[in-house]
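S.K.: Read off the chains here:
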Amino acid sequence: DTAVSQTPKYLVTQMGNDKSIKCEQNLGHDTMYWYKQDSKKFLKIMFSYNNKELIINETVPNRFSPKSPDKAHLNLHINSLELGDSAVYFCASSHARQGNSPLHFGNGTRLTVT
Amino acid sequence: AQSVAQPEDQVNVAEGNPLTVKCTYSVSGNPYLFWYVQYPNRGLQFLLKYITGDNLVKGSYGFEAEFNKSQTSFHLKKPSALVSDSALYFCAAFYGQNFVFGPGTRLSVLP
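These protein sequence lines are chains A and B, in that order.
The numbering used here puts the first sequence at residues 1 to 114.
The numbering used here puts the second sequence at residues 1 to 111.
Bound conformation, chain B alone:
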């Protein structure tokens, strides 16, 4: 079965420090991979995607993600976290005709 895992329910990081939110996938073939962010009482917003090509993908708000095929991972990163980055982050894979979402990781950036 196709699945996306986010092994950490919660990630805490101090403002200004680098952050990483982890994602691994179990999808056959070559999936398209995405990261979304959800702020309170809002829908999910698209951050970035990996389709093909360069394994390091840059997206909105200074976020980037690294695709690693051998480890089937697609970790989200940011060099310097902001308090305003605090939100719920979802990794997703598009396969077939459907998006499969991970369970989400709550990021808290502490001032």
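Same shape as in the complex, but just chain A:
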């Protein structure tokens, strides 16, 4: 059973398009995250939701909009894609109220904007 699953695995699209990445976790965690990993492998937090409520919203363009229909799902919608959005996007989940709970990551979505 896949604990944190995200789709699609690969996403190739042209500048200006709108795309979505979906994420689901079956671990019963209360908090979900989106991270961006750039070409140098740096990991940067983008958003965090706890029980469907936004708790972290780092400085990202407002073209990026997370949506959490329930606490098991956190989707990422990106409008007007730009070349600089090309990266690997990781979804993760944890029991954030318990700081000793590690993150569980999905396998990533590699976004390529041409």
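Hint data in this document are derived by calculation from the structure and do not stem from the laboratory.
The structure displayed is predicted, hence computed values, not measured ones.
Honestly, I wouldn't trust all of these hints.
What the hints assert, rightly or not - A short, non-exhaustive set of chain A residues, derived as facing chain B with CB atoms under 10 angstroms:
{"no.": "1", "residue": "Q6"}
{"no.": "2", "residue": "K9"}
{"no.": "3", "residue": "Q37"}
{"no.": "4", "residue": "K40"}
{"no.": "5", "residue": "K41"}
{"no.": "6", "residue": "L43"}
{"no.": "7", "residue": "I45"}
{"no.": "8", "residue": "I55"}
{"no.": "9", "residue": "E58"}
{"no.": "10", "residue": "F90"}
{"no.": "11", "residue": "S101"}
{"no.": "12", "residue": "P102"}
{"no.": "13", "residue": "L103"}
{"no.": "14", "residue": "G106"}
{"no.": "15", "residue": "N107"}
{"no.": "16", "residue": "G108"}
In this text, a Cβ means the ideal position worked out from N, Cα and C, and glycines have one as well.
Since the structure of chain A is already known, use the hints to place chain B on it.
M.R.: Relative to chain A, chain B alone:
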């Protein structure tokens, strides 16, 4: 600002030799510290964590880490490296409601 540093971009070690991947943190209070490993085309996988108690923490795949409060370090260690340990390793601190990651260290274990 809270931060995690990994001073080495790359660590090379021969198979069978001990390995150390370094991590230092700058987080106020008592952070929770973690190590993750990333294999190619995969998400990060949890290796071990320090919350409180014994400064030497044991984790998955024979890895361990030593917490040193005075040096604000949390170095990852393994007594005998395997070629299959070759991967990207991330140190992280949980503080407030967020995980802060280091920049990663690429470990290459040479046969």
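S.K.: Quick check on L103 (chain A) please, does its C-beta sit within 10 angstroms of some C-beta on chain B?
M.R.: Because about 6 angstroms separates L103 (chain A) from the closest Cβ in chain B, which is inside the 10 angstroms limit, the hint holds.
S.K.: Please verify that hint: Q37 (chain A), Cβ, nearest Cβ of chain B, below 10 angstroms or not.
M.R.: Status holds, d = 9 angstroms.
S.K.: Given N107 (chain A) was flagged as interface, is its beta-carbon under 10 angstroms from a beta-carbon of chain B?
M.R.: holds (5 angstroms)
S.K.: Hint I45 (chain A) vs chain B: min CB-CB distance below 10 angstroms?
M.R.: Holds, because the Cβ-Cβ distance from I45 (chain A) to chain B comes to roughly 6 angstroms (cut-off 10 angstroms).
S.K.: Go through the hint on L43 (chain A) and say holds or violated, using the shortest Cβ distance to chain B against 10 angstroms.
M.R.: holds (4 angstroms)
S.K.: Hey, does the G108 (chain A) contact hint survive, CB to chain B under 10 angstroms?
M.R.: holds (6 angstroms)
S.K.: Any CB of chain B closer than 10 angstroms to the CB of K40 (chain A)?
M.R.: holds (8 angstroms)
S.K.: With chain B as the partner, please determine if G106 (chain A) meets the hint condition of a C-beta pair closer than 10 angstroms.
M.R.: At about 5 angstroms, which falls below the 10 angstroms cut-off, the nearest Cβ of chain B leaves the hint on G106 (chain A) intact, so it holds.
S.K.: Does E58 (chain A) hold up as a contact with chain B if the rule is Cβ-Cβ below 10 angstroms?
M.R.: holds (9 angstroms)
S.K.: Closer than 10 angstroms between Cβ atoms is the bar; does Q6 (chain A) clear it against chain B? Give me holds or violated.
M.R.: Q6 (chain A) check passes; min Cβ-Cβ to chain B is 9 angstroms, inside 10 angstroms.
S.K.: Per the CB criterion, is K41 (chain A) less than 10 angstroms away from chain B?
M.R.: At about 5 angstroms, which falls below the 10 angstroms cut-off, the nearest Cβ of chain B leaves the hint on K41 (chain A) intact, so it holds.
S.K.: Quick one, is the P102 (chain A) hint okay against chain B at 10 angstroms, beta carbons?
M.R.: holds (4 angstroms)
Checked against the numbered hints given earlier, this structure breaks none of them.
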